[in-house]
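Fit the two chains together into the complex; they arrive one by one in their own frames, and the hints show the way.
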Amino acid sequence: MAKECEVVKDYEMKAFSSNVEIESPSAEAIEMKEETAKNISASVSTGDKFKIETNNVHCWYSDFHVLRNVSMGIKPNTVTALIGPSGCGKSTFLRVFNRMNDLIEGFRIEGTVLIDSKDIFSREIVINELRKKVGMVFQKPNPFPKTIFENVAYGLRVNGVSHKKFIEETVERSLRQAALWEEVKDKLQKNALGLSGGQQQRLCIARAIAVEPSIILMDEPTSALDPISNAKIEELIYELKQKYTIIIVTHNMQQAARVSDKTAFFYLGDLVEYDETKIIFTNPKQEKTQNYITGRFG
Amino acid sequence: MALLEHELTQLKGNLVDMFLLVQKQLRKSMRALTDLDKDLGREVLFNERRVNAEELKIDKDCENLIALFSPVAIDLRFIFAAFKINSHLESIGDSAKGITKMVLELETKYDAQLLEAIQLQKMYEIANSMIDDNINALRGDDTSQARLVFKKDDELDSINRHATKIVAEHIAKGATDLVPLLNLITVVRRIERVGDLSSNIAEEIIFYVEAKVLKHEKEKI
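Chains as they are written, first to last, in my numbering: chain W, 1 to 298; chain Z, 1 to 221.
Pulled out of the complex, with its shape left as it was, chain Z reads as follows (with noise of 0.2 Å):
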């Protein structure tokens, strides 16, 4: 195997790694949401050091095979393209630690009725499978896999709106807690940015493997 070929697989590697700690961090940062687990929010609060500095990691690591390789066509952009992801990734991360930052404040469990309604748990669900769609799109190079993300994002924006129009009906009906209120559109906000960032990645997938350029296009085909 030639010895770029060696060091892309290895960073191909190290982003799936990323991919699966921030998935991971969301997933805690949602069970301590619905479950009131602060113990586990503070779990999510100390790994997001290993995000930070798994995102350094993996910039240098670019940096490096861009310096020592000079590398050209699909090698070039899978480089661009992980350097980027990679951001994208922290980002999620962010999302999720965001997300923790909210529930350590939290007093009480939020009503389990009022989550159902705006459907938290499967605007998670959706997130989730977006990421596991960048991550078998990336493993494989399957472009088929990277564009089922677009769909899916649609479908968060819509359940986005449709939350915020629930949780303003709950004010309306004379909640007095709004705090807790306010801040659960927040977390709505931060999934449907998961989205968003996952949608981002996709576009990133499809670049580095066909040399297309979906960025700011509204048909991502």
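Bound-form chain W, shown alone (with noise of 0.2 Å):
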């Protein structure tokens, strides 16, 4: 077993590297870069990093250590979906990024985590701020009980802005990117809560939206609708990584295939595998990984 564990470190090392040095900019680029940086939104201009890596990340719950030696990075604009069985750790990784496992007792995490290369558990941060960055949609819809039109701004509000026009125009511009605005234009002051399932996930994605984060953390955001609202959340995902950096959850691997660039393979609180989607769902190099997808797993 520790013979195992050393491959996959060493994979997961190897996974890295190959990454940074493919993400390595020749001269060329970043003269090319600097000269246009000026002129391009920021996630474009963040492009050959990773918006987020983690380092030897380890996490425990009191003693139960749930994540061992996770190293990944995370490229801007791209969907990473983490798969693997209950309890593999998949979700404790995904709420590493909001830092929401500091809410449950007994949790301890060493190693670094790095987003837009700033280090998320150093002193400086500031939770609230780190939170409207990373936006998180749950695999149940969560609306509030107040008008559709509130939920959206809800986020607006908190912040302190009062602006009447501005949050006019985010609440119809992040209702229209989480492709729910046709649907409820007529009737934002209506109760949120009267909403089909599927439209309160795209609300909560709306809302999720709302405050500009650049990342969002779904955890398993579909698991509790029916196949259509199903559908239509995932080709929200497909359209929202031009914007967005997105990692989801989910048990669904047909979900993973579709959805994702890359994809994450979790077990026992070891990071497998970590590669191309399409790889990972042809050719995967662990044979865990290949046993699990194909469903032989156990």
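Don't take every hint at face value.
Once the Cα atoms are required to be at most 27 Å apart in a straight line, the calculated DSSO-like pairs of lysine-lysine come out as [to be verified]: (1) K49(W) with K243(W); (2) K12(Z) with K278(W); (3) K60(Z) with K285(W); (4) K241(W) with K12(Z).
Chain W stretches covered by chain Z per the calculated footprint, using a threshold of three residues with CB under 8 Å from any CB of chain Z [to be verified]: (5) 230-236; (6) 247-261.
Pair ranges (Cβ atoms, derived) [to be verified]: (7) D261(W) with G140(Z): 39 to 49 Å; (8) S117(W) with G140(Z): 43 to 53 Å; (9) G140(Z) with N128(W): 49 to 59 Å; (10) D261(W) with S87(Z): 27 to 37 Å; (11) S87(Z) with I228(W): 31 to 41 Å; (12) K140(W) with V72(Z): 50 to 60 Å; (13) T112(W) with G140(Z): 52 to 62 Å; (14) R189(Z) with P85(W): 26 to 36 Å; (15) P145(W) with V16(Z): 51 to 61 Å; (16) V16(Z) with N56(W): 41 to 51 Å; (17) G197(W) with K151(Z): 22 to 32 Å; (18) V72(Z) with K185(W): 26 to 36 Å; (19) V179(Z) with K285(W): 51 to 61 Å; (20) D157(Z) with D261(W): 45 to 55 Å.
Rather than coming from a laboratory, the hints here were simulated on the basis of the structure. Remember, predicted model here, so these are calculated numbers, not experimental data. C-beta atoms are modelled at their ideal positions from N, C-alpha and C, and glycine is treated no differently.
See below:
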């Protein structure tokens, strides 16, 4: 077993370093970037770096070692799927990025987690600012018992924004981005709880993007939805990656296959394999990954 | 548009490109033969690498689509059909290559009258129009276009039999340079083969659009 772990770790490092290799920009590229940087939006100008980077991350819940030595680089404007059986650590890993695990008693983390090259566990980090940047969508749609409009406007209001026109514009833009505008534009003042499950989930996505995060975390965002709503959310994820970096935890392997650019397979706290989704689902390098995705596990 | 739909449109586009590529290869190989243009022949051989690369790419795309999207019904049939059409197209590319290789060994042009008598140009035109029919059928999911192919294939078969007789007669009359004549029969066979492959492709198109299996059926309705 110990040997196996070594192999896994070795692979992680390789996966990691190969990414670094591909990403290191040439002198020309740097020059070009500098020339045009002024006119390019923030998401593009950071295009040659990892948006999110974890180095040797270990997590514990009290004495339970839930994540072991996870090193991963995630590029901006990509969708990364985290898959693995229950208890493999994928949701814990997801919640590392907005520090939601901090709320759990006995939680402890080692290693570094960088977002936009800044260590999010350093003392200078203001958690509220971090969570503004890193939006989250949960398994069950959880709109507030307020109007559709107020749900989306909520994030702005708690951040002290009071400019009416700005709020209205932001609500419309967010609902449009969440592919919900056409369905709700005539009933913005109705209670959000009257929407269908799929609509509620898209509303939650609209609420998350209203405060302009750059990362969206999704924890099984469609597992409580019917197939049509599921397909709508998946299409939406595909659209949203133009503007955001998305990490999604899913038990539905086909969903991971359909929506993600990269897939990470976790097992018993180890990152077993992390690669292009196409490779994970056609020719995974690790036997464990193959057994899991083909349903031969256990 | 659903994600898979987007991917399938792209796959169809790549398949049409593959059609156009092998169609061009066939056209050039025939011109190289009739004009004894060896430079053009070498171009065909060079471009054969593109055909092979495109084949591998489409194969991989089909594998990815099945692995990533678990397609069902017409989507699944389309991917199966695309996978097989791809392989047939590569074989059409091979036919063009075979004709070209023979051209490169040729020392003198074929007698125009003999080519006329065996109806080589007509054969090529029919084979080429079968490729066109299949492209149209694929682009518009139009099986009526695909069905045009079967009749044309019968026509090619009959010209093929006729051509063999004519070459045999030519030899019987005392022709001495036998190798090019035997090679000419091979050329005719290769074009006839393009017809067979085009029929197979038409069957695949009908399979994915209508879910009908026409393979090994005598009456292709």
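**OP:** Take the C-beta atom of G140(Z) and the C-beta atom of N128(W), compute their distance, and say whether it sits inside 49 to 59 Å.
**Re:** holds, 56 Å
Subject >> Proposed proximity, K12(Z) with K241(W) (alpha carbon, max 27 Å) >> reply: holds, 25 Å
Subject >> Beta-carbon spacing of V16(Z) to N56(W) - inside the hinted bounds 41 to 51 Å or not >> reply: holds, 49 Å
Original post:
Can the suggested window of 43 to 53 Å be confirmed for the beta-carbon pair S117(W) and G140(Z)?
Top reply: holds, 52 Å
Subject >> Cβ distance range 50 to 60 Å for K140(W) and V72(Z), holds or violated >> reply: Given about 28 Å between the Cβ atoms, the range is violated.
Original post:
Within the assertion that chain Z covers the segment 230-236 of chain W, do at least three residues meet a Cβ-to-Cβ distance smaller than 8 Å?
Top reply: holds (count 3)
**OP:** Could you tell me whether the CB distance from V72(Z) to K185(W) stays inside 26 to 36 Å?
**Re:** Roughly 34 Å apart at Cβ, these two residues keep to the hinted range, so it holds.
Original post:
Going straight from one Cα to the other, do K49(W) and K243(W) come out at no more than 27 Å?
Top reply: OK: K49(W) and K243(W) at ~16 Å, within 27 Å.
**OP:** Confirm or reject the claim that D157(Z) and D261(W) have a C-beta distance inside 45 to 55 Å.
**Re:** Once the Cβ atoms are compared, 50 Å apart, the range 45 to 55 Å for D261(W) and D157(Z) holds.
Original post:
Do P145(W) and V16(Z) keep their Cβ atoms within the hinted range of 51 to 61 Å?
Top reply: Check passed, 53 Å falls within 51 to 61 Å.
Subject >> Outcome for the supplied range 52 to 62 Å, where the beta carbon pair is T112(W) and G140(Z) >> reply: The hinted range 52 to 62 Å holds for T112(W) and G140(Z), with Cβ atoms some 56 Å apart.
Original post:
Are there three or more residues in the segment 247-261 of chain W whose C-beta lies closer than 8 Å to some C-beta of chain Z?
Top reply: holds (count 4)
Checked against the numbered hints listed earlier, the structure breaks hints 7, 12, 14, 17; every other hint is satisfied.
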